[in-house]
Amino acid sequence: MVRRRAELPAADELVMCTVKKVFPQGAFVALDEYGEKEGMVHISEVASGWIKNIRDFVREGQKTVCKVLAVDKQKGHVDLSMRRVKDSQRRWKALQFKKEQRAEKLLELEAKKLRKSLDKAYDEVGFTLQDKFGDLYSALEAIAIKGKEILAGVDIDKKWVDALSEMASSTVEAPEVEVVKYIELSCPTSNGVEVIKSTLINARDSVKTSDVDVEAYYVGSPRYRIRITAPSYKIAEGALQKFVDIAITNVKKAGGKGELSQTPKGE
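By this note's numbering, the letter at position 255 of the sequence shown is numbered 268, and the numbering carries on one by one without gaps.
Be aware that a few hints might be false.
In silico PhoX-like cross-links for lysine-lysine, where the CA-CA straight-line distance does not exceed 25 angstroms [said to hold, decoys possible]:
(1) 76 to 106
(2) 33 to 50
(3) 159 to 118
Now the in silico label distances, taken between C-beta atoms and shown as ranges [said to hold, decoys possible]:
(4) 179 to 206: 46 to 56 angstroms
(5) 145 to 118: 15 to 25 angstroms
(6) 68 to 223: 47 to 57 angstroms
(7) 36 to 62: 16 to 26 angstroms
(8) 99 to 167: 47 to 57 angstroms
(9) 63 to 179: 50 to 60 angstroms
(10) 118 to 223: 25 to 35 angstroms
Worth flagging that the hints you see were computed from the coordinates, not collected in a lab.
Quantities reported herein were computed from a predicted structural model and do not represent experimental measurements.
Cβ coordinates follow ideal geometry from the N, Cα and C atoms, glycine included.
Using the sequences and the hints given, assemble the complete structure.
In C-alpha cells form, the structure reads like this:
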C-alpha cells in the first residue's frame, strides 16, 4: 500500500480514499496513502445541490478522490470533500496514484534484491525520495533522465543509489510533454524565403538539446507551427520562448516582420 511519511494529510491536499461506511449524514473513508487512517465526508460535501439519497452518490468499497478541508492532528480528525474536486483533478490524482503504486512495486522488488522489507525500504530511501521529489515515481523519472548524479547530496546509502539508478534506467520511461505555438514570419526582400528558412534553422539549433526536440512546420504564409517536446512543461515553455525570441529578432534584423500568431481552437 502506498504510504507517506506524515501520519495525516495537509489541508487542501488531494487524497485517494476508499469508502468504508455510508450513513445518512455522510460517509467514513480510509485514507489510502496514510495507513488507512479514517476521514469523514459530510453529506453537504458529497455533491453539489440537494441530496435525497446519499447512496445515489457514494457506496461502500468505492474508490474516490477527496480534497482535505481541515485536519485536527490532536484528535486525528480529517474533514474531506468530494464535491470540491474538479474532474481534471480527479483524473490527475487517480493517474498519480497508479504511478505511485507502480513505483512502490519497483521499490519492493529492489528491496528484495537487497534482502530488505518494504517497510525498511521506505525508512531507508522511500520517504527521503518523497521529501526531495514529492513522490516516488517523480523521483524515478528524475533518475531515469539525469542518472544517479541527481541523488548527489541526498542522504541515501550507495547500495540504494546504484540499485535505483539501474532500475530506473531500465524500467521507467522519461516523461515527455509537448507545447505548440504559431508564429508569423515575413520578409519582403528578394532573398526573403532564404532569410526565413535560415532564421528557423538558427532558432531550432539554438534550442534543440538531447532533452529538447524542436519542429517547425509551414502551415500557410506567413504562419509556422512550432512544436517543442521536453521532459517538463517548464523546460518546454522556456525552450519555446527562446525559439520565438530568436526567430522574431533575426527576421526583423533582415528587414522582415515577426510576431506570435493565435493558436487555432482545438490545439
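Taking the hints in turn, this is what the structure says about them:
no.: 1; hint: 76 to 106; result: holds (12 angstroms)
no.: 2; hint: 33 to 50; result: holds (11 angstroms)
no.: 3; hint: 159 to 118; result: holds (22 angstroms)
no.: 4; hint: 179 to 206: 46 to 56 angstroms; result: holds (51 angstroms)
no.: 5; hint: 145 to 118: 15 to 25 angstroms; result: holds (20 angstroms)
no.: 6; hint: 68 to 223: 47 to 57 angstroms; result: holds (54 angstroms)
no.: 7; hint: 36 to 62: 16 to 26 angstroms; result: holds (20 angstroms)
no.: 8; hint: 99 to 167: 47 to 57 angstroms; result: violated (34 angstroms)
no.: 9; hint: 63 to 179: 50 to 60 angstroms; result: holds (56 angstroms)
no.: 10; hint: 118 to 223: 25 to 35 angstroms; result: holds (29 angstroms)
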